[in-house]
Amino acid sequence: MFKIYPSLFLQMVRSYENLDLFHLAYAFVIKLYPLVDRFPEDERKNIILQIKRAAISMPLNIAEGSSRKTDKEFLPFLSYAFGSAKELEVSLKLSADLKFLDGDIYHSLKEELNFFTGKLVGLMRYAKIARKPLTLVNGCPEQSKALLGRQ
24 MFKIYPSLFL QMVRSYENLD LFHLAYAFVI KLYPLVDRFP EDERKNIILQ
74 IKRAAISMPL NIAEGSSRKT DKEFLPFLSY AFGSAKELEV SLKLSADLKF
124 LDGDIYHSLK EELNFFTGKL VGLMRYAKIA RKPLTLVNGC PEQSKALLGR
174 Q
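Under my numbering, residues 24 to 174 are what the sequence shown spells out, in order.
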C-alpha cells in the first residue's frame, strides 16, 4: 500500500471537456434558450434575462473552476454553479406559476436540474475529500475509499 493525493490525479483529468457535469449544464442551457425566448416580450429584461444568466453561469463556473490548480480553488466555482442552479430553479417555478412555461415542461426541466444538482453535490463532496490523502489498497482508489469509509 502507498499514499497518493487524488487531487493530483484530478488535476490531470479535470479539464471541463472531460467533466460530464459540464456537458449536462451546457446541454441544459441549449435546451432552455428557445423555451424562454417564447416568453412575453415585456419579460425580456426581467425573468428571461435572469433565467439566461443563471443558466449560463452553471457551465461557465464549472469550466472556470476546472482550470484552477487545486481542488480547494475548484470548490468555490462548484458552489457558484450550485447557487446558480438554485436561482434557476426558483426562476423556472415562477415562470410556470406565471403561466409563461407549460407545467409539463417545467416538471421536466426541474427533474433535469435536480439530476444536475445531485451530480454537482457529488463532485463537490469528492473535491473536499480529494484534498486528503488516500491509502491505495491493491492499487484501487475505490477499494481504498470503501475501506476508509469515504464516499
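The hints are simulated quantities; they were obtained by calculation from the structure and are not laboratory data.
Don't take each hint at face value.
What the hints assert, rightly or not - Pairs of lysine-lysine, PhoX-like flavour, derived with a Cα cap of 20 Å:
#1 K54 with K92
#2 K122 with K133
#3 K75 with K109
Right, here's what the structure says about each hint:
Only pairs whose Cα atoms come within 20 Å are accepted, and K54 paired with K92 is rejected, the gap being roughly 31 Å. The hinted pair formed by K122 and K133 meets the criterion: a straight-line CA distance of about 16 Å does not exceed 20 Å. Between K75 and K109 the CA atoms are separated by roughly 13 Å; this keeps the pair inside 20 Å, and the hint holds.
Figure legend: structure checked against the earlier numbered hints; the only hint not met is number 1.
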